[in-house]
Amino acid sequence: MIQVVCVKQVADTETRVRVAADGRNLDPAGVTWILSPYDEIAVEQALLIRDKQAPGEVVVVSVGGPGVQSTLRNALAMGADRAIHLKTETIGPDPLQVARALAEELRGAGAELVWFGKQAADDDQAQVGPMVAELLGLPCVTMAAGFALDGGKATVEREIEGGREVVEVTLPAAITTEKGLNDPRYASLKGIMAAKRKPIEEKPARLGEPALEVVALELPPPRGAGKVVGQGVEAVSVLVRLLREEAKVI
Amino acid sequence: MARYGGVDFYQTDSLFSEEERQIRDHVRDWVEERYLPIVERAYEEGYFPADVIPEVAGMGLLGATLPEKYGCAGVSNTAYGLAMQELERGDSGLRSFVSVQGALVMYPIFTYGSEEQRVKWLPRLASGEAIGCFGLTEPDHGSDPGSMITRAVRKGTPGAAGSGYILNGAKMWITNGTVADVAVVWAQLRDEATGRDQVHGFLVEKGMKGYSAPEQKHKHSLRASVTSELILQDVFVPEENRLPEARGLKAPLSCLTQARYGIAWGVVGAAQACFHAAKQYAGVRVMFGRPIGAFQMVQERLAIMLTEITKAQLLCVQLGRLKDAGQATPEQVSLAKRNNCEIALDIAREARDILGANGITSEYPVMRHMCNLESVKTYEGTHNIHTLVLGEAITGISAFR
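One line per chain: the protein sequences are A and B, in this order. In the working numbering, each residue's number is its place in the first sequence (first place is 1) plus 11. In the working numbering, each residue's number is its place in the second sequence (first place is 1) plus 162.
The set of hints was computed from the structure by calculation and includes no laboratory data. Keep in mind that the hints are not guaranteed to be accurate.
Each pair of labels, with its calculated beta carbon distance range [claimed, not checked]:
# : chain 1 : residue 1 : chain 2 : residue 2 : range
1 : B       : I522      : A       : G241      : 46 to 56 Å
2 : B       : Q461      : A       : G241      : 30 to 40 Å
3 : A       : E220      : B       : P229      : 51 to 61 Å
4 : A       : D38       : B       : F562      : 26 to 36 Å
Note that the Cβ used here is the ideal one computed from N, Cα and C, for glycine as well.
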């Protein structure tokens, strides 16, 4: 079975990001780039299925600049078989552009399962997976927290408000993955060495025209200094009053 | 505490390949997520958290530089060194476990063993299914292993069925001893042609009659690591369990050179952990209305720590490159082991001091590293012995032979 995992490179969630001088992008200086954690879960799931249930090929695809290749190598080190880098210098913020580029590549690729993280860990759009599914006319199950393959069908568990929903979907299908689906592996030293020898195919990304742009990007305002309102029992009523009248949080 | 990003004042990162950096980062993440949460308890209660062995093996850290055909990862010595650095940033006991398995058990079987021995043991040792230990040091013979009294005596006619050796003696300070499935034991064997004693290596297996390995308790150092005594009382070891290519003391000494190489890298990880803790603490601990990092005495100490870590890193990088090129000499390894253990211990002590009373608690890793490093400075060639190795390299005159 061919499985394709669409992955995004994002700033390490622990990085302290800065806004670039243009006020619309992140300043890339000093940023550590990683495979988006939800996408890591998607890669792991595809590998589990390949190794335990449906032998075949796991292909990882990413859209972006030259730096994206290190993230593709990470997925190859985890065990993916090959990678496709859809190259672009000017990746905009419009998820539809990315979805178009991925759909163009996936059309006719013969993938039975197309995997995505449920959202990117940076812009939290959660759009690309469902959009690619729509462009390819595939059924899409989002936020999979459980997955079982059964012939040409899959049973997917979704965590919903206050409960769990179980859906059945016919393949080929697109699935976006939620935390808890699996515990992504640590790449082994052998995997990292082997990744060096696995192919990364480079192609231009066919993005189409953007229809959405970021006009402003701001960090949250810095937190103000704390204030000690008093000590002991007397402080409680002062604190409650200030929380109500000044901070307006209760 | 802010996320640990290592210490890299001189952009040493740029001296590593992408794979080497990836390996380092993966091991770092694993230590952060899986080992640091459990190590303090293991250290306090005095056990090695053996649950992590499958994960350590799964990452390919056991015998990582050996060839893939034996189930190993076949990485460069530099990549291996970086992995050791990250493991010891977790705990010296963890790095010791990996060092012993790889450098002191798998390396001699690979280098001095028969093909049958390699095929039998290396894949099982790489996968963590079997654990190994290395018995050279004896209760009364530490820095001078040539004076060992453990002895092998031939039994039966060489080549005949059922022939082998009877081993008698005792080994001490053996990491992994109690949990080992196979012990590489070094013993004197009389060469019948010359009548002279020569050191040979034997694979003593768990369960062989007369062999036992009680754990040594009551340690103030390396508490999250198994240390044992090996007792050999008329143990019969079959002919096929002798390492055929190991003749003389230089065989076990070559294993120690491998292990010392990993230690030279490893202790830089422990030093970085201590520096990181001290730097963080100095930034937030307020005394006399200012963070203690604002005081000159603290700043000077931090400056010295950073300088020594940077120098040690550069020693490691070049030593790694030399080793990858097959050019590293035992004396060069001695220099790095000697220097890096010394500075790591000094840094751990200074960090403990900067943290004041908080430094003695398990809230911070520094006193644990400090106590561990007291052992690391002593094992695998004491500081003094490495000094004399260098002394001999410089003058051509041995002070101890």
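Structure-based check of each hint:
1. B:I522 - A:G241: 46 to 56 Å: violated (35 Å)
2. B:Q461 - A:G241: 30 to 40 Å: holds (37 Å)
3. A:E220 - B:P229: 51 to 61 Å: holds (53 Å)
4. A:D38 - B:F562: 26 to 36 Å: violated (58 Å)
Hint compliance for this structure: hints 1, 4 are not met, and every other hint is.
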